[in-house]
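Chemist: Chains as they are written, first to last, in our numbering: chain A, 1 to 132; chain B, 133 to 267.
Because the hints were derived from the structure by calculation, they are not lab data. Glycine included, C-beta positions come from ideal geometry on N, C-alpha and C. Check before you lean on any hint, since a few could be wrong.
[Unchecked claim] In silico lysine to any residue, SDA-like type, Cα no more than 25 Å apart, as pairs:
1. B:Lys267 - A:Glu92
2. B:Lys267 - A:Ala85
3. B:Lys138 - B:Val210
[Claimed, not checked] Which residues of chain B face chain A? A partial, calculated answer using Cβ under 8 Å:
4. Arg145
5. Asp148
6. Val150
7. Thr176
8. Ser179
9. Arg183
10. Asp227
11. Gly238
12. Gly241
13. Arg244
14. Gln257
[Said to hold, decoys possible] Interface residues of chain A toward chain B, partial, derived using beta-carbon atoms under 10 Å:
15. Ala28
16. Asp40
17. Ser57
18. Phe58
19. Val76
20. Gln83
For reference, the chains in residue letters:
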Amino acid sequence: MDRIPILKMGRVLLVTIQVDMHDRLALALQDDLSERIVRDGARGVLIDISSLEIVDSFIGRVLGDIAAVSRVLDAVTVVVGMQPAVAITLVELGLSLPGVRTALNVERGMELLRAVTMEDEPDPVDDAGPEG
Amino acid sequence: MMRVRKDESRPLRAEDDVVRARQAVRSWAVEMGFSLIDQTKLVTAASELARNTVVYGGGGTLRMEALEDGPRAGLRLVFADEGPGIADIDTALRDGYTTGGGLGLGLGGARRLVTEFAIDSAPGQGTRITVVKWK
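Okay, chain A solo, but in the shape it has when bound (with noise of 0.2 Å):
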């Protein structure tokens, strides 16, 4: 079966979905997301929805059960990219993804994820790169 891939960057796992999804793929990237972030101890897992078409009430539930699951154990979730349009016809829907935090875009999810998992000990990567 299809899987879309999570990448791990310091504490923070990213997901990038880029292709239409059927149910069952939504329904298992929850249950690797919720795996990956025991077995690597993430912190934050930031989610780029920008290439989403649409996000219905299916997928809108699994965005908040990803949520949900995450902050059971202990990390951040962040959706970040979210098309106008689809904002526009989610809310019309009647779904606001309720104890989803979202982000404009993934540098600003990013930053908010940051501020999160460097509140108990420093991100083990350092993204300014070499000191010189």
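For chain A, the structure is supplied; the task is to place chain B on it using the hints.
Modeler: Below, chain B without anything else, positioned relative to chain A:
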């Protein structure tokens, strides 16, 4: 007078058909010149209703019709199944009501995303949901 300029029927049997139905609705909506927001609303409504047809209706069909009514153009989508039907349509349309594992936003939510919405269903008689979005 209203006429159907183009029509097509597609099977809705499995989850992959829901993805294909979304793609077909998107391509028709683009071709008909719907705005990006209206395309998104149509595809989202189609996704909710196609999933219902597969999950609750046990599979069925999607009929797509490009309508012309004088200067107006519209896209009509008919989701039909021969499943158990809906006993209480008013309750089924209420936000938060679900018999499955969803959020219960499918039917009521889809209704808000289109211009016209009609349900024809009775227990044991299957379900037929017709939606139209006019440009």
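Chemist: Does A:Ala28 pass the interface hint, meaning its C-beta sits closer than 10 Å to a C-beta of chain B?
Modeler: Violated, because the Cβ-Cβ distance from A:Ala28 to chain B comes to roughly 12 Å (cut-off 10 Å).
Chemist: When the nearest CB of chain B is found for A:Gln83, is that gap smaller than 10 Å?
Modeler: At 8 Å from the nearest chain B Cβ, A:Gln83 passes the 10 Å test, so the hint holds.
Chemist: Do the numbers back the hint for B:Asp227, that is, is its least Cβ distance to chain A under 8 Å?
Modeler: Holds, because the Cβ-Cβ distance from B:Asp227 to chain A comes to roughly 5 Å (cut-off 8 Å).
Chemist: Should the hint that B:Ser179 touches chain A count as held when the rule is a Cβ pair under 8 Å?
Modeler: Holds - the Cβ of B:Ser179 comes within 8 Å of chain A, reaching about 4 Å at its closest.
Chemist: For B:Lys267 and A:Ala85, compute the direct alpha-carbon distance and say whether it is at most 25 Å.
Modeler: Given that 25 Å is the threshold and the Cα spacing comes to 16 Å, the pair holds.
Chemist: Could you check if A:Val76 really has its C-beta closer than 10 Å to a C-beta on chain B?
Modeler: 22 Å, violated
Chemist: Are B:Arg183 and chain A close enough, Cβ to Cβ, to be under 8 Å, as the hint says?
Modeler: Result: holds, 6 Å to nearest chain A Cβ.
Chemist: Hint validation: B:Gly238 versus chain A, beta carbon distance must be below 8 Å. Holds or violated?
Modeler: Given a least distance of 6 Å, the restraint on B:Gly238 holds.
Chemist: Once the shortest beta carbon distance from A:Ser57 to chain B is found, is it less than 10 Å?
Modeler: At 4 Å from the nearest chain B Cβ, A:Ser57 passes the 10 Å test, so the hint holds.
Chemist: Holds or violated: A:Asp40 as interface residue toward chain B, Cβ cutoff 10 Å?
Modeler: This interface hint is violated because 28 Å lies over the 10 Å limit.
Chemist: Double-check B:Arg244 for me: the hint is only fine if its C-beta lies closer than 8 Å to a C-beta in chain A.
Modeler: Holds. Min distance 5 Å.
Chemist: Does B:Gln257 meet its interface restraint, that is, does its C-beta lie within less than 8 Å of any C-beta in chain A?
Modeler: 25 Å, violated
In this structure, the hints that do not hold are numbers 4, 14, 15, 16 and 19, in rising order.
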